[in-house]
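*Asks:* Next come the chains, spelled out residue by residue.
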Amino acid sequence: MTALYLTLLIPILGMLLFAVIGHLRHAGWINVLFAATNFAMSVWLAWGVLDKGPLLSPDRYFYIDAFNVYLVTLTAFVGLTTAIFSRPYMAHEVELRNLGRHRLRLYHAMFQGFMFTMYAALTTNNIGILWVAMEGATLATVLLVSLYRTPEAVEAAWKYFILCGVGIAQALFGTVLLYFAAERVIPTAEQALQWNVLYSMAGSLEPTVLTLAYVFLLVGYGTKVGLVPMHNWLPDAHSEGPTPMSAILSGLLLNVALYALVRLKMIVDGSLKNDLAGYLMMAFGLLSFMVAGLFLHRQRDIKRMFSYSSIEHMGLMTFAFGMGGPLATFAALLHMTVHSLTKSAIFVTVGHAAQIAGTQSIEKIRGMIHTQPAVGWGLLIGTVAIAGFPPFGVFTSEFLVLTATMKTWPWLTVPLLIGLAIAFAGLFRHVHPMVYGEAPATQSPVRANMFPVMLHLILVLWLGLAIPKFLADWFSQATTLIAGSSPL
Amino acid sequence: MSPLFATYLALASALLAAVVSLGVTRLPTLLRYASFLLLGLSAASAMYAGMSVLLTSTSVTMELPLGLPWLNWHLRLDALSGFFLVVIGVVVLAVSLYGPAYVRTFVHAKAPQSFTALSVFTALFILGMYLVVLADDAFMFMVAWELMSVASYFLVAYQHQYPANRRAAFLYLLMAHIAGVSILLSFGVLAGAGGGYTFEQMRAADLSVTWASIAFGLAFFGFGMKAGMVPLHAWLPEAHPVAPSHISALMSGVMLKVALYGLIRLVYDLLGEIQWEWGLVMLLVGAISTLLGVLYAMLSNNLKRLLAYSSIENVGIILSALGLSLIFIGNGEQVLGVLGLIAALYHILGHAIFKGLLFLGAGAIARATHEYDLNNMGGLIHRMPRTAVWMLIGCLAIAGLPPLTGFVSEWLTFQVALQAPVLKSGVLRALIPVTAAMLALSAALAAATFVKVFGVAFLGQPRTRNARHAHEVPLGMQLAMGMLAILCVLFGILPSTTIGVIDAVPQLLLETLPPEATTAGWLWLTPMSADVASYSAPLVALALVVVGGLVYLLLRVRAERIRRVYPWECGYGEVNARMQYTATAFAQPIQRIFAPVWDLDEEIVEKRHAKQPQLVESIRYQLQRQDKSWSRLYAPIGMLVLGAARRIGYLQTGSIHTYLAYSFFTLLFLLWVVT
Amino acid sequence: MDLTQLSLYEQAILMFASMVLFTSFAMLAQPRIVPLIHLFAWQGALLSITTALVALVSNHPHLYLSAAITLVLKAFLIPWMLHRLAVRLNIHHEVEVIRFPSLLLIAGGALVVFSYSVVAPVVQLSTLTTRNTIAVSQAVVLLGMLLMIFRKKAITQVIGFMSIENGLFFAAVVATYGMPMVVELGIAFDVLVAAVLFGVFFFQMRESIDSLDVDRLNRLRETEEPLPPEEFRR
Amino acid sequence: MIEWGVAIGQLLLFIAAAPLLGGWIKRVKCHLQNRAAPSLLQPYRDLAKLFRKHSVIANNASWLFRATPYIVFAATIVTAAVVPLLALPLPTAAVADVIVLAGFLALARFFTALAGMDIGTAFGGMGSSREMMIGALAEPVLLMTVFTVSMSAATTNLSEAVDFTLQSGLVLRPSFLFAVLGLMMVAVAETGRVPVDNPATHLELTMVHEAMILEYSGRHLALIEWAAKIKLMVYMALIVNLFLPWGIATEFSAASLAQGFVVTAAKLALLGVVLVVWETVMAKMRVFRVPQYLGFAFLLALLGMLTHVVLETGG
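Protein chains in written order, with our numbering: chain E, 1 to 488; chain G, 489 to 1163; chain D, 1164 to 1397; chain L, 1398 to 1712.
Hints were generated in silico from the structure; no laboratory data involved.
As the structure is a prediction and not an experimental result, all values here were calculated from the model.
The reader is advised that the hints may include incorrect statements.
With a straight-line cut-off of 20 Å between C-alpha atoms, the simulated SDA-like cross-links for lysine to any residue are [said to hold, decoys possible]:
(1) E:LYS469 - G:LEU554
(2) L:LYS1450 - G:VAL1045
(3) L:LYS1450 - G:ILE1050
(4) E:LYS407 - G:ASP694
(5) G:LYS912 - L:ALA1455
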């Protein structure tokens, strides 16, 4: 319990503290410190939950089970490594783009604020608060996206703000409808928004209302997941914001949005007793998967390209969750993990690469391996990993998704296969020249901190070779929670 | 030493080689030798393990605590994987002899590539191949398979300062990825039916013919793409030449075979009931690959590219043999099926050896002359005599000439094909001999091709300074080539003994032994029975040597010493290097006969004399050839994808109103759908 | 049901609800900035009155509180902020051209019908006297989106956004007599922060693209030709 | 044991008689073209003279150039050893069947072509290139024709195959008709006779075989020439004994051997005459007409095989 409250409190403290001292020279270190303690807390929390099983806070505002506790830990971990990376990176950015130090105050404060909103969204038991937290995540990051104040940055931020705001508003309408359906069967108004109550009562909720509600929720949270055709904000926001931001947006925010979607799908499924929700998710997932794959081919901005790859992978997860079934769900959970690890690692590397080349334009980045081998290899290996080559974990999850599809929807494997090939080609035809070949003289090495990258990639490698026991149990508990049974 | 221990030793030392190589930049010389020593060790133990299971025809299974939580890595060492372990081991052993001297050129290279990458990924590549043949569940198989692909991709991209190499690497990885996915799906079908990923469960599965055929189709596509069958071969002639030569030897000599291993394992072992239609498909594709492969090879002037194309040809031969075997099995002629399988296995072994030899030879030439283009070589037999001998043996073997190893498998294949009359279906009976004729044609063309290779590279006069100043390569490299060359001869002369070992494989897969292939003793090879066909390689070889020797001695008795003079030059000055036939010229008749096979762009530029236009001052002849699969198949697909990418761009108009409209109408659409 | 059987208060609720809907339409058609802001303020005011009436009818005391919050936030604070911004950014005299206003209004009408048809099954379930207004609230949401889609100025988009919020709040009130208080507060807080942020953005936009015309925000488009396909050529 | 003896004897006879056959063909040809004919033994004299002469080779000739004649000669003799000439059964036929025979012919061709390229003159390269082209097109035809026979005889062992034709008596096989025609055309191409090549000419642009061995002299040349004659005889013996084996000795009594000798000699002589007629009426064709020629042969062989499958074994 204390662990939970600490997990939520620390970032708030951090936010407030940084609002005052965020501009100091050592703020970066302090940020790392906060992230580290937070990670420790989350591990403690996870330990407790794994030990004693699901945990419902006395005031019933928080509910922790296997599904969200592992996301909390993942979030804390990626937050930590990103903080480690962002310290030297932002320092370099400050002198490179001569941002004022007060920007760093904003940056650090918002970093912590963002972490808070995500912890809140993950741990809350109240779908109303879930919505508030999701909206809060948007508000926390929108100023970071426009941190550089360039026209593009402002434009990206504005689109991010408006599109996500409108989208999330739909989600609120969905929530209202859900509440409307719930309060007719659940006596007290307070409980009518509590997930565990709703989940247990799901059977008696009114299907027609929930269908409507689900449509609004899907469009709403789907916007934040970045599902085509509500994805348009995503590449802009990812490519124009500071790289650590892109790393946590891609690695965490999308996960959290998908988490919300899955939580609500569980309720809707319980009520509808048919697979409508699943089918919708599969359709959106597949569409996003294919479209993003094609978009990869036409990119000129490296961060933009990788954000499209994020869309692609979120599409795959959505597809897998929609397909349901233990195997697919297990695969989707695993994919969540490996994707956020790999993708954040890639964004870290990309940040360094962009600093080395002094630009994000793909045509101008050349021969990274030559200029700075560590970064070059990092980018290459990261891309190999995200493209789904073993022995990296992404392969494992894609393997499971594909075989699960083969079992239940044999013919859908064809578009999946084509999509994988197209996306792969799109990714590599851009990464290849950036990594290989002769480097232009303009590129000069920077002080890169590749520790987070190596850490992430090693973890992903580990997951690809063998999923450790405790993690496996963890996943299987979560799978049992979502899909009823687990492949283990 | 138990086979199990030997296997682990092989894997461990390969892995260790990779680890050791990480530090290679610190102390290059030592670790270079160390890593190649470890590779040699792994090769030796792999061969030991393979031989021991082949001879005892037992099978060992093991599990590693890796993989999925509910599915450890299952390894299985049986006759089939044992055979392939031997095949891999032979070439790897040669490479580990060859490597230290060869890669020295890369250590101090100014080029951007890092020597560490080369040694690490070489070791991983080899490790991957071991694991593929040992895998006993789909997941581990795929992991090992892709490990092999990715490692070799890094090796292809190794000298990435050349755009051609980057292009090749990209193409290779892309096609490897597609192949991998399609194989994965084929396993998916089997797993779906068998209820699990282990090969045990897949064997147990009983598929409907339709699903089995789908699985076969997917696997054939995937493995075939990796094995380089036409028209899925585009990556091969790009990727194999640009890798360092010892890697090319591994890729062409072994990796393609590993792909064929996958095919054999899946079709003969996992897929259950064999349909003869599969065999027919395989036979036709194989025959076409054979012919086109050798024709493309004939017209290539880059030595390594030529060798790569000839690999396509040989894969075609192997596929044809497998196809025949499947056809006969599908028609209930188990025995003939076994013979076809043996022919295929024999060619797999043989091709691994002589293609490895030839690539190593090409590497030796490259090291001595820095040339890959045949037209820049010539007269090397004088500069590098021993390499010349080994290469000559390699050329003879790959041309399928008796009494070397290439001929044996060809002979067996023909013998099987000649049994066509036992089949019921008239179509097959008519078709098989025709494909046999195609094989014969390709064999003859292969001979022509390798006359071109040896003749242009080693004979005649040096065409460039580099060729003139070539030097014999160091001992290690010669040892490697010599070893393989001697094996070419041995396997050519002792087919019965070899088959006696190999037939543990059909015994495992089909529970049938070849009837009396080896009954007549080591001297005689009688596939069906003595009066149907027999071939005694030892005697033939003996006769050749004896007759030749006798004649030589007879003439030596009263022969004066030979006088050496200038060659006859028709009265124009001295014979110079530019007078001799070039590789292009040599291939020209064939090119004219089979012109439709290529996209040819031929032009003759005449420069007239300024004052008297009837005088031709100079004539330049230019020829661009590329195989048709590009313009017909690959370019269109690529354009299709890019066209789609161009159109899709209009989703991202940049106008926020449009974006809002998207989500607005999505919402309305969904609401309309659900109500 | 029949209007006549309802109590006067309930009739009043329906009346005000219809007026909220009307303000949305009016906003859709209002080309000038300051009147638009005023309309938005009116919508907020009407909303809070409706909420108060609902509280009265269904004696949910906590609704009074949310009514008060709405009044402060939507009717005074946010409109005042917007107005001040408009003045400081010196756009309060601007008039934006609306293409095909009549079509726009017709589309709005169609939306009302559509949303009615969509929520019809839901309405059947409800026993609340205010149930028919659910359709109205959804219509307000959709009209807000329509406004955002068709209007060019950043500030109008903000107003559209806010009116969507109004619609949502309205839905919460009429469908379920309001969400739990915590949620209400959270939402209100978000809305407030959003409004502040919008203000910040106006200045950022002004300094980066010196205009508040969102059509100028089109640098990040991808309609140009993709990179040449070097891999696929030989 | 005795059959091995007979085999050896037959082989020696083969080697010895080959030049005689060559002489016979030349003589008949001269008569046909009313020229003064050389004696039948002229080829022997030529060979003897060549063996006696110095052999002179180019400066840059490699060991391969000198080894080639021996290899070619040996390979050709191995082929000669497996073709039934006088008597059946022929034990050596079991050592190497007809596919091996083709293989050894290819081996000989391979080395000849290499030797042609060894010196690095234009002629050598030209000759090798053309020879390999012709060989590449001829070999499949050869194999297909013999496949046709061995499919009917269900064996690739030549002695067995001949025995089969002998046993089955006079059967009119359409496949055999096509096969024999195809084989004859191939024989003409492979042994470098008109219209594909002209052994008698040294006109640079037309020669193929002669171009390759242009640099040879003395004993090396002698060996190659002799090998060429043996090769011609191998083909002719193949044709006569595979398709009309009647008269060949089936047991090893002196009488039947003598009869076999006479009959075979007669058959070969007759075939020689046919060849001469063919060569006289045909004109040497351009190199790039040769593919059509061989293509036609291929067609015949294919027809032979198909007729066998379709008409003779029944569908």
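*Asks:* Next step is simple, just say for each hint if it's right about the structure.
*Replies:* Hint check results:
1. With a C-alpha separation of about 11 Å, the suggested pair E:LYS469 and G:LEU554 falls inside the 20 Å cut-off, and the hint holds.
2. At most 20 Å may separate the alpha-carbon atoms for a hinted pair to count; L:LYS1450 and G:VAL1045 meet this at roughly 14 Å.
3. The suggested pairing of L:LYS1450 with G:ILE1050 holds, with an alpha-carbon distance near 11 Å, which does not exceed 20 Å.
4. A threshold of 20 Å between alpha carbons decides the hint, and for E:LYS407 with G:ASP694 the separation of about 15 Å falls inside it, so the pair holds.
5. Between the alpha carbons of G:LYS912 and L:ALA1455 the distance comes to roughly 60 Å, so the proposed pair goes past 20 Å and is violated.
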